[in-house]
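Enquirer: Chain by chain, the residues:
Protein chains: 2
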Amino acid sequence: MKKNVLIIGAGGVAQVVVHKCAQHNDVLGNIHIASRTVEKCQQLVDSVREKGSLKVAGELQAHALDALDVEATKALIAKTRSQIVINVGSAFVNMSVLQACIETGAAYLDTAIHEDPSRICETPPWYANYEWKRRELCEANGITAILGIGFDPGVVNAYAALAVSDYFDSVSDIDIIDINAGSHGKYFATNFDPEINFREFTGTVWSWQNSQWVSNKMFEVKRTDDLPVVGAHTSYMTGHDEVHSLSQNLKVPNVRFWMGFGEHYINVFTVLNSLGLLSEQPVTTAEGLEVVPLKVVKAVLPDPSSLAPDYQGKTCIGDLIKGKKDGEDREIFIYNVADHAEAYQEVGSQGISYTAGVPPVAAALLIASGEWDVQKMANVEELPPKPFLKLMNEMGLPTRIRDEDGDRPLNF
Amino acid sequence: MKKNVLIIGAGGVAQVVVHKCAQHNDVLGNIHIASRTVEKCQQLVDSVREKGSLKVAGELQAHALDALDVEATKALIAKTRSQIVINVGSAFVNMSVLQACIETGAAYLDTAIHEDPSRICETPPWYANYEWKRRELCEANGITAILGIGFDPGVVNAYAALAVSDYFDSVSDIDIIDINAGSHGKYFATNFDPEINFREFTGTVWSWQNSQWVSNKMFEVKRTDDLPVVGAHTSYMTGHDEVHSLSQNLKVPNVRFWMGFGEHYINVFTVLNSLGLLSEQPVTTAEGLEVVPLKVVKAVLPDPSSLAPDYQGKTCIGDLIKGKKDGEDREIFIYNVADHAEAYQEVGSQGISYTAGVPPVAAALLIASGEWDVQKMANVEELPPKPFLKLMNEMGLPTRIRDEDGDRPLNF
Numbered sequence: 001m002k003k004n005v006l007i008i009g010a011g012g013v014a015q016v017v018v019h020k021c022a023q024h025n026d027v028l029g030n031i032h033i034a035s036r037t038v039e040k041c042q043q044l045v046d047s048v049r050e051k052g053s054l055k056v057a058g059e060l061q062a063h064a065l066d067a068l069d070v071e072a073t074k075a076l077i078a079k080t081r082s083q084i085v086i087n088v089g090s091a092f093v094n095m096s097v098l099q100a101c102i103e104t105g106a107a108y109l110d111t112a113i114h115e116d117p118s119r120i121c122e123t124p125p126w127y128a129n130y131e132w133k134r135r136e137l138c139e140a141n142g143i144t145a146i147l148g149i150g151f152d153p154g155v156v157n158a159y160a161a162l163a164v165s166d167y168f169d170s171v172s173d174i175d176i177i178d179i180n181a182g183s184h185g186k187y188f189a190t191n192f193d194p195e196i197n198f199r200e201f202t203g204t205v206w207s208w209q210n211s212q213w214v215s216n217k218m219f220e221v222k223r224t225d226d227l228p229v230v231g232a233h234t235s236y237m238t239g240h241d242e243v244h245s246l247s248q249n250l251k252v253p254n255v256r257f258w259m260g261f262g263e264h265y266i267n268v269f270t271v272l273n274s275l276g277l278l279s280e281q282p283v284t285t286a287e288g289l290e291v292v293p294l295k296v297v298k299a300v301l302p303d304p305s306s307l308a309p310d311y312q313g314k315t316c317i318g319d320l321i322k323g324k325k326d327g328e329d330r331e332i333f334i335y336n337v338a339d340h341a342e343a344y345q346e347v348g349s350q351g352i353s354y355t356a357g358v359p360p361v362a363a364a365l366l367i368a369s370g371e372w373d374v375q376k377m378a379n380v381e382e383l384p385p386k387p388f389l390k391l392m393n394e395m396g397l398p399t400r401i402r403d404e405d406g407d408r409p410l411n412f
Numbered sequence: 001m002k003k004n005v006l007i008i009g010a011g012g013v014a015q016v017v018v019h020k021c022a023q024h025n026d027v028l029g030n031i032h033i034a035s036r037t038v039e040k041c042q043q044l045v046d047s048v049r050e051k052g053s054l055k056v057a058g059e060l061q062a063h064a065l066d067a068l069d070v071e072a073t074k075a076l077i078a079k080t081r082s083q084i085v086i087n088v089g090s091a092f093v094n095m096s097v098l099q100a101c102i103e104t105g106a107a108y109l110d111t112a113i114h115e116d117p118s119r120i121c122e123t124p125p126w127y128a129n130y131e132w133k134r135r136e137l138c139e140a141n142g143i144t145a146i147l148g149i150g151f152d153p154g155v156v157n158a159y160a161a162l163a164v165s166d167y168f169d170s171v172s173d174i175d176i177i178d179i180n181a182g183s184h185g186k187y188f189a190t191n192f193d194p195e196i197n198f199r200e201f202t203g204t205v206w207s208w209q210n211s212q213w214v215s216n217k218m219f220e221v222k223r224t225d226d227l228p229v230v231g232a233h234t235s236y237m238t239g240h241d242e243v244h245s246l247s248q249n250l251k252v253p254n255v256r257f258w259m260g261f262g263e264h265y266i267n268v269f270t271v272l273n274s275l276g277l278l279s280e281q282p283v284t285t286a287e288g289l290e291v292v293p294l295k296v297v298k299a300v301l302p303d304p305s306s307l308a309p310d311y312q313g314k315t316c317i318g319d320l321i322k323g324k325k326d327g328e329d330r331e332i333f334i335y336n337v338a339d340h341a342e343a344y345q346e347v348g349s350q351g352i353s354y355t356a357g358v359p360p361v362a363a364a365l366l367i368a369s370g371e372w373d374v375q376k377m378a379n380v381e382e383l384p385p386k387p388f389l390k391l392m393n394e395m396g397l398p399t400r401i402r403d404e405d406g407d408r409p410l411n412f
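Quick note, the sequences are listed as chains A and B, same order. Under my numbering, the first residue of the first sequence carries the number 1, and numbering increases by one thereafter. Under my numbering, the first residue of the second sequence carries the number 1, and numbering increases by one thereafter.
Just so you know, not all the hints are guaranteed correct.
Unchecked claim - Result set (DSS-like, lysine-lysine): computed pairs, CA atoms no more than 27 Å apart in a straight line:
(1) A/40 with A/51
(2) A/295 with B/186
(3) B/222 with B/74
(4) A/314 with A/386
(5) A/322 with A/295
(6) B/322 with B/295
(7) A/3 with A/314
(8) B/74 with B/390
(9) B/376 with A/186
(10) A/222 with A/314
(11) B/51 with B/314
(12) B/2 with B/251
(13) B/40 with A/217
(14) A/295 with B/295
(15) B/324 with A/186
The set of hints was computed from the structure by calculation and includes no laboratory data.
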């Protein structure tokens, strides 16, 4: 029975995490939030107090922390007596926060794969490049480390595990489709940090097909699906964390990730990328100033957290799964639809942050209850999906299924 | 009879000017070229020597000069005994170079209106904002100052003057159409300094219609014309220097300028402009670095002078003129077609630089001969057009006309 949560990061996802933790602080205990800029953490604390999100009276405090500093992170874990660390900071700090958890015995959760700031779009095997190198150490020390427990990766991995266990005798294809049919009303903006956002699309696209890695260029392969609620949308094959772990853990021969993009997004992206403005390599101006173009693009784009108040529309993210059941071909779509304005109403963030921030809090509740306190490193598809998806239903991200029997909620 | 030419600037247009001056150094005398970076000037000198462009043996020298420094410019004019100064440097130095000419008695020529670095797209009356304030001083001192003697402004002003004097009883409309139907083979590039190039299109578009100034947004008003040699092209109403001077000097009620743009150019421009990346106002990156976005865009774009070797295709620039002749409506198109590859072959520059650089040398020859040594400030339409256009025919930019009698060369 672990308790007391330390949240690392103070962006849009952290805002959701702190509100959701507050709503469950009777189980989770004390809540602490830390990032380099303590003022940002304090704003999240203030936001929780304004909305009255704390279920019961309890500690809720902001801290300054450089999460690349393992000793400082260990000290904060110890000082706050946190047994669960939810890392929703920059993807660059994963390995140092994980190390601090290993050395203090705290459970570790994150929502995205580790990245090295100097390397864009590393080649698969992604988890094996960094996190999985700590698997044995976690097991030897009885450390619970749950990797990639946002929505995608995260919930979509649980959908895949559920499909494999309950809906098929054998699965041939997992196609994860992520559509944001919402609108922020700006000329152009990214839904999270542009530096991280664009990195997903500036390199080679890797997918798992016929049980091997296949490479394509970005925007080279697309599909159009008529999806529940949001209707017909075109999505493009993209590399994504869960393609690696699902292909390894579920032994499915075809695992692909598809991200929806409008033509306008693709056009702006293509212009910026073609001109070299998304480069992380510095250029020198005529005046002799050395500048990284991507950092200038980030400076002129809207702050992603500023989008939330005016965001309208819905997201639809799910797994289209094909295989055999009782000798027959079968195809099902397990999915969630989230609403931007409802997310803002509840926790002050837009829907993209909401879908990424609710799942790690559900996982923290399952660690607190012991159900997911597995005392080893695990990707989500290695954990029992039903208790998690049951919590998702209760916490604002209900699961639905569309199959030969129609479209309906999935209850557990 | 003036002689000895000082060329200020060392870009693509200066390259054309120095080659053309060299081809006529029997008349023009000594040739000196000056810019902030003496190495660039020396490259142009070397290029003239490599091509053997000097008609007769004579002085040809490179100099370092900050043309904003009036005293230094006066000293260089005196030292080189230059009686003609061709200013093809940055548009920011016009007023200081003009002042140096006024104080030394040298004739002054430029190809574009003065600009203040801190002010984008000033409102009309453009020439009256800066240059025309020196009209009386030039006349009192007997200074010949010919403004805007490139192609547009410049040759197109002479076309307009010719039409008014020889082809119409009254002119109602002058529409100057500038089409570059060439291709540089790059994803995107500007034909001259991006900082100056984009400034033409980021502000309000001013035109002279029904004898008053009318404002529009960029890309708001367009036309499509089937033009000689280059075929059908769409052009967009743009503010331009000569709209001001022609409207004042020729008393024509409608004067408009139209610049051809492909859809790709407009798309890239629109993306960059909408995101704020063409701004001259500094932004601050997340790391605290203060940067002017436009200077970063300039740094990632190809150097305009690098385009010349691979530039293919032609330009078509001319005046579509409407009015009355002998009581009948009449419409004529006076124009030139230039070829990028031929320009590169002759002087090592692309066609845009060629059309801008040949006319000031023709004007210098007319000052040397006395025909245009008017000892006052003048825009091109105030000078006799025929000797100038006769020289244009001989120097590589022949004039043609398309009217009710067909399409043919114009000889003088």
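Enquirer: Is the hinted pair residue 3 of chain A and residue 314 of chain A satisfied, with a Cα-Cα distance of at most 27 Å?
Expert: Given that 27 Å is the threshold and the Cα spacing comes to 33 Å, the pair is violated.
Enquirer: Next pair to validate is residue 222 of chain A with residue 314 of chain A; report whether the Cα-Cα distance is within 27 Å.
Expert: At roughly 21 Å apart (the allowed maximum being 27 Å), residue 314 of chain A and residue 222 of chain A satisfy the hint.
Enquirer: Given the hint that residue 40 of chain B pairs with residue 217 of chain A, test it: the Cα-Cα distance must not exceed 27 Å.
Expert: At roughly 41 Å apart (the allowed maximum being 27 Å), residue 217 of chain A and residue 40 of chain B break the hint.
Enquirer: When you check the alpha-carbon spacing of residue 40 of chain A and residue 51 of chain A, does it fall within 27 Å?
Expert: Given that 27 Å is the threshold and the Cα spacing comes to 17 Å, the pair holds.
Enquirer: Below or equal to 27 Å on CA atoms is what counts here, so check residue 295 of chain A against residue 186 of chain B.
Expert: Answer holds: residue 295 of chain A to residue 186 of chain B is near 24 Å, not above 27 Å.
Enquirer: For a C-alpha distance cap of 27 Å, please report whether residue 222 of chain B and residue 74 of chain B respect it.
Expert: 45 Å, violated
Enquirer: Mind checking the alpha carbons of residue 74 of chain B and residue 390 of chain B for me, to see if they're no more than 27 Å apart?
Expert: Distance ~33 Å between residue 74 of chain B and residue 390 of chain B Cα, so the pair is violated.
Enquirer: Residue 322 of chain A and residue 295 of chain A: Cα distance at most 27 Å?
Expert: 42 Å, violated
Enquirer: Holds or violated: residue 324 of chain B with residue 186 of chain A, Cα cutoff 27 Å?
Expert: 51 Å, violated
Enquirer: For the pair supplied as a hint, residue 322 of chain B and residue 295 of chain B, confirm whether the alpha-carbon distance does not exceed 27 Å.
Expert: 42 Å, violated
Enquirer: Would you mind confirming whether the straight-line C-alpha gap from residue 295 of chain A to residue 295 of chain B stays at or under 27 Å?
Expert: 14 Å, holds
Enquirer: Is the hinted pair residue 314 of chain A and residue 386 of chain A satisfied, with a Cα-Cα distance of at most 27 Å?
Expert: 25 Å, holds
Figure legend: structure checked against the earlier numbered hints; hints not met, in rising order: 3, 5, 6, 7, 8, 9, 12, 13, 15.
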